[in-house]
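Line by line, the protein sequences are chains A and B.
In terms of the numbering used here, the first sequence has 45 at position 45, counting the first letter as 1, and numbering is strictly consecutive.
In terms of the numbering used here, the second sequence has 44 at position 44, counting the first letter as 1, and numbering is strictly consecutive.
FYI, nobody ran anything at the bench for these hints, they're computed from the structure.
Under the rule of at most 25 angstroms between Cα atoms (straight-line distance), these lysine to aspartate or glutamate pairs were calculated in the DMTMM-like manner:
{"#": "1", "chain 1": "B", "residue 1": "Lys42", "chain 2": "A", "residue 2": "Asp50"}
{"#": "2", "chain 1": "B", "residue 1": "Lys42", "chain 2": "A", "residue 2": "Glu76"}
{"#": "3", "chain 1": "A", "residue 1": "Lys113", "chain 2": "A", "residue 2": "Glu172"}
{"#": "4", "chain 1": "B", "residue 1": "Lys28", "chain 2": "A", "residue 2": "Glu26"}
{"#": "5", "chain 1": "B", "residue 1": "Lys28", "chain 2": "A", "residue 2": "Asp50"}
{"#": "6", "chain 1": "B", "residue 1": "Lys28", "chain 2": "B", "residue 2": "Asp46"}
{"#": "7", "chain 1": "B", "residue 1": "Lys42", "chain 2": "A", "residue 2": "Glu86"}
{"#": "8", "chain 1": "A", "residue 1": "Lys163", "chain 2": "A", "residue 2": "Asp100"}
{"#": "9", "chain 1": "B", "residue 1": "Lys27", "chain 2": "A", "residue 2": "Glu26"}
{"#": "10", "chain 1": "A", "residue 1": "Lys102", "chain 2": "A", "residue 2": "Asp164"}
{"#": "11", "chain 1": "B", "residue 1": "Lys7", "chain 2": "A", "residue 2": "Glu86"}
{"#": "12", "chain 1": "B", "residue 1": "Lys3", "chain 2": "A", "residue 2": "Glu86"}
{"#": "13", "chain 1": "B", "residue 1": "Lys27", "chain 2": "A", "residue 2": "Asp50"}
{"#": "14", "chain 1": "A", "residue 1": "Lys113", "chain 2": "A", "residue 2": "Asp132"}
{"#": "15", "chain 1": "B", "residue 1": "Lys42", "chain 2": "B", "residue 2": "Glu11"}
{"#": "16", "chain 1": "B", "residue 1": "Lys24", "chain 2": "A", "residue 2": "Asp56"}
{"#": "17", "chain 1": "B", "residue 1": "Lys42", "chain 2": "A", "residue 2": "Asp52"}
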Amino acid sequence: MNDKLVIAGHEFNSRFILGSGKYSLELIKAAVENAGAEIITLALRRANSDTDNILDYIPKGVTLLPNTSGARNAEEAVRIARLSREVGCGDFVKIEVIHDSKYLLPDNYETIKATEILAKEGFIVMPYMYPDLNAARDLVNAGAATIMPLGAPIGSNKGICTKDFIKILIEEIDLPIIVDAGIGKPSQACEAMEMGAAAVMANTAIATAGDIPAMAEAFKKAIEAGRTAYLSGMGRVIEKASASSPLTGFLQD
Amino acid sequence: MIKINGKDASEAKGSSLGQYLDEKGYKKTYIAVEVNGAILPKTEYDSYIINDEDIIEIVNFVGGG
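Start from the sequences, fold in the hints, and give me the full structure.
Dropping the structure here:
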C-alpha cells in the first residue's frame, strides 16, 4: 500500500515521530529501530565538549527535527531555529514557544509569529500548538508544513485530553495533523491514528517505560494498527444488538 | 570581559575562534556558533579573532522531545 506521510514534499513511511529526551544515548539506536521512526526530535543547548554527541547515536538516514524548546517568545524561537539549521542537519524545525513552567502549554500567538518568519526563510516549520481552530488556520496562512496539537501537557502521559478539538483540526485543516505531547501509551497513539491524525509524536511515554526499545516497538505497532483502521473505515455503532451469526437453521426448529 | 557560554573566557582574547574550538575539543560538525547575537558561519571560524567584550555562544544538539 502506498500510504506515505508527506511533509513539505518529503515522504515518510513511518508515522511515528520519536523524541530523544530523557533516556540514555546508548538506547537511542535501538529505540529508533524498534520504533521504525524516520524522524527524531532534538533540542539545542549550550555545547559541552567533554560529552558524547547525540548525532553519533542516531542511525543514518533518520530526519532530524530540532525543537525550539527554551524559547519564551517568537524572537527566541527564531534564534534557536537559525542556530539549529547552522549546525547543518536540514531545514526541519519544530516550533515550541512556552513561558508557563507548570503546564508547559504553548503560546499560539508567538508560535504563529515565529512560524511566519521561519517559513519565509525556507524552514519546514512544524509548530507545536494548543488545539484551537483559529490559531491552526493562522499557522496554515503563516506557512506551517504540519500542525502539531497537544493531547495533554508535555510529559504527563495522560492521553488525548483534547480529543474533540483535535478532531476539529483533522476535519478542517488540510495539512498533516500530528498529535504531539501527552500520549502515554500505545492504545492512545492508536486512538489518535484511528481519528485520522497523520502521525503521532511521543517521547516521555517511551523514555519512562520499563523497557524502552520494547515500548518503542509497541507504539510502532499501535500507530500502524490505528492507521490501517482509519483507512479501512470504522464499523458502525448502533444502540441495540445485531447478531453476527445466522438467525436461521437453529437446532430447536 | 569575554563570555563564552555564559562563563568568563578572557584567556581566549586574541585567539581565532577555530583555535579556541580545537583547544577545547569541540567538533565543528556538531556545533553552531553565535558571536554577539549573530551566527558566525563555519567557514569563518578560523578567521574570526576573539575580541574583548565578545559574547559567544557555542551550541549543539542534545536529547529532546
